[in-house]
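Peer 1: Okay, here's what each chain looks like letter by letter:
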Amino acid sequence: MTRHARCIALALLALPGLAAAMEALDDQALGEISGAGVGFFLDNFYYDQGSASAQVSGIKDSQGNALTIDFERAYIKGEGSQRGALDSEAQLGTPLHPFTLKVVSGAAAPTLPSGTQALQLKTPTWSDPLNDTHQYGLWSYYQGCLYGESGCTAPAQAQTAIDSELGGLEASRDTILARYQSVGFLTLKSGIDQDMQLVNQRRAQVATETSDVQGAYGTMETRYAAAPAWDGFYRKPAFGEKYGCGSLCLTSAARAYNSSVNSYQTQLDELAAAQKALGEAWSVERHGYSLNQRATDFDEFSALCGAPTAESPTCVVGRIQKTKDNRTSVVLVATTLQNGGTRFKGLDIGVEATFSLPSTAYSMDGNGTIIKGATTTRSDFFSINLEGFTLNGAYLNLWGDSTGLQGEASLQMYADKLIIGGCRVCTDANRAVAKNLYFDINLGQASLQPLNLSVLAGGELRLSLPSVTWDNHQAFYQQVPKSNISIGNLNLGGVDLGSQVVRGMRVDYLDLRTVNLPR
Amino acid sequence: MGSICHSLKPVLTLLCGSLFVCAAQAELRPMADSELAEITGQALVTLDGLTYGGFEYTRVNLGADIDLLTNIDELRLGNYSRNQPNTVSNQPADIWIDNFALGRVDNANSAAAAVVPFQVRDPYLEFAFKTNGAGVREVAGIRLGFGRARGDLSGDIHSLTGVMQGLTTGSASTARDYYMQQNGLNGFTCTFNFNCLALSLAGNSEIYSEVQLVMAGTGDTTVDGQAINRATHIGVPNGSSFHTDNALLEPLLPAIASNNGDCMASGLSACFPLLNYKSIFVGDRTQADLDIGGAQGIFFSLQNQNVPWQDLAATNNQFIATQSGAFANFAKTGEGANAMYPFIVSLYEALNGAARVPTCVGDLSKGC
Numbered sequence: 001m002t003r004h005a006r007c008i009a010l011a012l013l014a015l016p017g018l019a020a021a022m023e024a025l026d027d028q029a030l031g032e033i034s035g036a037g038v039g040f041f042l043d044n045f046y047y048d049q050g051s052a053s054a055q056v057s058g059i060k061d062s063q064g065n066a067l068t069i070d071f072e073r074a075y076i077k078g079e080g081s082q083r084g085a086l087d088s089e090a091q092l093g094t095p096l097h098p099f100t101l102k103v104v105s106g107a108a109a110p111t112l113p114s115g116t117q118a119l120q121l122k123t124p125t126w127s128d129p130l131n132d133t134h135q136y137g138l139w140s141y142y143q144g145c146l147y148g149e150s151g152c153t154a155p156a157q158a159q160t161a162i163d164s165e166l167g168g169l170e171a172s173r174d175t176i177l178a179r180y181q182s183v184g185f186l187t188l189k190s191g192i193d194q195d196m197q198l199v200n201q202r203r204a205q206v207a208t209e210t211s212d213v214q215g216a217y218g219t220m221e222t223r224y225a226a227a228p229a230w231d232g233f234y235r236k237p238a239f240g241e242k243y244g245c246g247s248l249c250l251t252s253a254a255r256a257y258n259s260s261v262n263s264y265q266t267q268l269d270e271l272a273a274a275q276k277a278l279g280e281a282w283s284v285e286r287h288g289y290s291l292n293q294r295a296t297d298f299d300e301f302s303a304l305c306g307a308p309t310a311e312s313p314t315c316v317v318g319r320i321q322k323t324k325d326n327r328t329s330v331v332l333v334a335t336t337l338q339n340g341g342t343r344f345k346g347l348d349i350g351v352e353a354t355f356s357l358p359s360t361a362y363s364m365d366g367n368g369t370i371i372k373g374a375t376t377t378r379s380d381f382f383s384i385n386l387e388g389f390t391l392n393g394a395y396l397n398l399w400g401d402s403t404g405l406q407g408e409a410s411l412q413m414y415a416d417k418l419i420i421g422g423c424r425v426c427t428d429a430n431r432a433v434a435k436n437l438y439f440d441i442n443l444g445q446a447s448l449q450p451l452n453l454s455v456l457a458g459g460e461l462r463l464s465l466p467s468v469t470w471d472n473h474q475a476f477y478q479q480v481p482k483s484n485i486s487i488g489n490l491n492l493g494g495v496d497l498g499s500q501v502v503r504g505m506r507v508d509y510l511d512l513r514t515v516n517l518p519r
Numbered sequence: 520m521g522s523i524c525h526s527l528k529p530v531l532t533l534l535c536g537s538l539f540v541c542a543a544q545a546e547l548r549p550m551a552d553s554e555l556a557e558i559t560g561q562a563l564v565t566l567d568g569l570t571y572g573g574f575e576y577t578r579v580n581l582g583a584d585i586d587l588l589t590n591i592d593e594l595r596l597g598n599y600s601r602n603q604p605n606t607v608s609n610q611p612a613d614i615w616i617d618n619f620a621l622g623r624v625d626n627a628n629s630a631a632a633a634v635v636p637f638q639v640r641d642p643y644l645e646f647a648f649k650t651n652g653a654g655v656r657e658v659a660g661i662r663l664g665f666g667r668a669r670g671d672l673s674g675d676i677h678s679l680t681g682v683m684q685g686l687t688t689g690s691a692s693t694a695r696d697y698y699m700q701q702n703g704l705n706g707f708t709c710t711f712n713f714n715c716l717a718l719s720l721a722g723n724s725e726i727y728s729e730v731q732l733v734m735a736g737t738g739d740t741t742v743d744g745q746a747i748n749r750a751t752h753i754g755v756p757n758g759s760s761f762h763t764d765n766a767l768l769e770p771l772l773p774a775i776a777s778n779n780g781d782c783m784a785s786g787l788s789a790c791f792p793l794l795n796y797k798s799i800f801v802g803d804r805t806q807a808d809l810d811i812g813g814a815q816g817i818f819f820s821l822q823n824q825n826v827p828w829q830d831l832a833a834t835n836n837q838f839i840a841t842q843s844g845a846f847a848n849f850a851k852t853g854e855g856a857n858a859m860y861p862f863i864v865s866l867y868e869a870l871n872g873a874a875r876v877p878t879c880v881g882d883l884s885k886g887c
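If you read the protein sequences in the order shown, they are chains A and B.
Going by our numbering, the residue at position 184 of the first sequence is 184; the numbering climbs one at a time, nothing skipped.
Position in the second sequence (from 1) plus 519 gives the number in our numbering.
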């Protein structure tokens with residue numbers, strides 16, 4: 001078994017004072033350190049599993065059959081390692097930009113409730129546009145292609161893309177503004193609120209009638225089950241139809257069933273009337289537009305520009321302003337790249353494994369019916385590689401209170417490429433290749449929505465985020481950060497499927513409990 | 520790095536080396552039964568393998584129950600240039616939903632505001648592989664799905680590719696009233712209009728129809744035999760009609776309430792902009808128990824060809840055909856009386872559009 005690991009220097013730094021000239025600490029000096037925290041970085045290292053092997057077992061399929069995973073290769077090297085083929089040395093942090101582990105409070109962790117201290121792990125943090133993950137990740141999504149590759153040498157391509165998006169949003173805003181210019185947005189809102197009172201009344205009526213229909217249907221089902229096969233000359237009808245004897249049936253069960261059919265029909269009629277009335281309430285017109293249209297327009301405008309506070313509203317918050325802010329970052333990154341700026345190099349990380357797992361064969365027979373066949377063991381090769389991976393600006397704050405372990409976390413991850421393969425000898429044209437991969441995942445906010453981690457009595461893990469409330473909703477929507485996931489371009493087996501994005505995601509409430517599988 | 524690195528180098532090299540080497544060379548010993556008995560394990564993850572149609576699949580299942588309320592500014596999948604006969608709009612992406620939300624807020628603009636979460640059970644991630652003509656095993660697709668899901672799904676749906684099957688149901692009288700409104704008829708003139716008269720005769724009989732993603736203007740679900748993509752409308756498919764359980768009325772409906780390729784049924788619009796459906800309810804609104812009321816088989820996928828994904832909602836070994844690009848599956852499960860649709864809208868909603876349920880606390884309905 002051979003294994004290669006090289007570690008030239010891992011520096012432990014006492015904080016603060018990272019920029020001061022560094023000297024080795026002796027035991028006495030170390031003894032004087034009082035927990036202000038440590039900073040550390042890894043310099044000029046690489047890791048390569050080489051020909052060593054590792055096996056994971058104990059995992060099962062949904063039927064309880066065992067499977068194994070043999071890890072054949074793993075590496076962590078510096079960017080440019082050609083998927084681990086070269087022993088490029090990597091660097092995690094620098095003396096000026098180290099990982100830090102320390103106890104924080106006050107200005108160092110402004111979201112923490114007053115008087116609370118937290119243990120904070122923070123990754124290297126840069127503020128320049130190319131190494132700040134948020135700014136570069138944002139630019140990379142709009143850029144789409146991997147900068148520096150053939151055909152991708154114009155960083156302003158991202159600027160064109162975000163300008164196009166911004167233009168579309170502003171056009172939507174202008175359409176709504178023009179529609180209600182003579183009305184005024186406060187007047188518009190007032191009319192909506194008045195008309196919504198009727199809608200809410202009728203919604204409640206529809207809910208009541210829906211419940212009544214369900215109740216009547218249940219009664220009809222019960223009585224149908226108890227109804228006789230024959231009532232005199234009348235055979236038991238299909239469900240929902242009545243015995244021909246009406247209210248003069250011989251058996252009480254048949255009469256009761258017929259009655260329940262009548263009741264069900266009556267409830268259906270009442271529901272139809274309630275639905276119709278609700279539809280009419282939504283159709284009430286003011287200023288030439290139905291309530292449905294007015295409410296839609298007002299909501300759309302509010303999302304674009306923030307809730308109007310004047311008859312002629314401004315547009316200084318909302319999605320348009322957010323996009324303008326993003327544009328500033330995109331332009332800054334593009335300009336810096338045009339001026340020859342470069343990024344601090346990231347990591348190349350890779351894992352190759354073979355899965356031996358039970359696999360069930362399905363096939364279609366001559367009649368077009370899909371048949372479930374035998375289950376045999378399949379051996380699958382699987383690889384994951386990350387190129388140019390950085391984790392700049394991420395942090396995890398942990399603290400405890402009477403409700404258990406609390407936290408807030410921000411994952412800021414960017415990679416030039418994520419490559420997933422199922423073949424040993426092949427090219428990227430046979431793999432899944434995601435370029436410009438950016439994860440901006442924010443979970444929890446210490447004051448308004450602390451992330452709670454706990455273990456339940458049965459061993460299940462529980463992760464929860466308390467809900468936004470009426471009392472805190474304004475601060476919540478201003479301060480609890482949103483998350484973003486984007487891929488500049490996804491290529492599957494040589495086919496481009498373009499960009500993919502989940503943008504501006506906020507989890508307003510979460511309760512996640514793990515469960516043993518199979519259930 | 521200077522002197523500190525030089526002086527720390529031996530120590531740190533040893534430290535790093537010992538970490539790696541110890542992890543690799545520590546002797547592994549089996550645990551005794553008594554030791555194992557003290558451990559409470561969690562089988563959070565299972566892996567499933569299957570093959571079908573030349574594809575190999577590997578699915579990673581996560582055992583979890585998740586309740587959540589989330590608001591997302593924009594969800595856009597498959598954002599690339601596409602110009603095929605079955606591309607039925609000029610939208611830029613296969614799936615594009617703004618102000619996407621899962622869950623809702625009741626009494627949103629009052630102190631009684633209460634979150635009603637969206638429920639998800641057992642999410643999974645699945646890969647599809649296919650060996651190409653040169654014998655190379657390629658990645659063909661990736662999908663994210665849910666064992667069960669139930670709750671309000673909201674958004675401004677600009678474009679959707681995949682399967683979205685719903686049921687629209689309501690009273691014939693609702694259809695008649697809408698028809699009269701659209702055609703400027705009154706109670707008297709209605710009697711001289713065949714469609715209006717037929718709907719009048721139907722009274723309050725319940726009528727219903729399955730709705731699917733369709734091409735605007737025609738109601739086509741396929742073009743040249745290929746399923747449409749980038750749909751902007753949903754409705755009664757071309758050639759389909761409303762139905763009723765009223766045995767007397769049912770034979771009449773195909774004549775008076777069919778979409779014959781003009782997106783009209785009985786003189787009523789039969790195709791509706793997806794943007795009008797601002798909120799739908801996934802699963803059975805009346806069954807709070809996720810085991811019963813949760814919709815099965817919902818997934819989002821990306822694939823480079825027509826990958827058939829296993830239909831986890833089906834009990835008869837079905838696979839769902841997809842097409843290259845991004846794909847969303849909100850298909851019904853079961854057939855006939857046992858069919859459960861991912862969403863059911865009353866006819867008045869289909870005709871007038873489904874209003875968005877509040878997804879934010881306060882006076883913003885969306886965009887919070």
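Simulated from the structure, these hints should not be mistaken for laboratory data.
You may find that some hints are simply not true.
Claimed, not checked - Once the Cα atoms are required to be at most 30 Å apart in a straight line, the calculated DSSO-like pairs of lysine-lysine come out as:
no. : chain 1 : residue 1 : chain 2 : residue 2
1   : A       : Lys482    : A       : Lys345
2   : B       : Lys649    : A       : Lys322
3   : A       : Lys345    : A       : Lys417
4   : A       : Lys242    : B       : Lys649
5   : B       : Lys649    : A       : Lys60
6   : A       : Lys324    : A       : Lys242
As the list claims (entries may be wrong) - What follows is a list of derived Cβ distance ranges for each label pair:
no. : chain 1 : residue 1 : chain 2 : residue 2 : range
7   : A       : Gly115    : B       : Asp810    : 40 to 48 Å
8   : B       : Asp810    : A       : Gly218    : 27 to 35 Å
9   : A       : Thr369    : B       : Asp882    : 36 to 44 Å
10  : A       : Ala204    : B       : Thr650    : 22 to 30 Å
11  : B       : Asp810    : A       : Gln293    : 33 to 41 Å
12  : B       : Gly573    : A       : Ala226    : 50 to 58 Å
None of these values were measured; they are calculated from a predicted model.
Glycine residues also receive a C-beta, built at the ideal position from the N, C-alpha and C atoms.
Peer 1: Against the structure, test the hints numbered earlier, and report the numbers of the ones violated in rising order.
Peer 2: 2, 4, 6, 8, 9, 10
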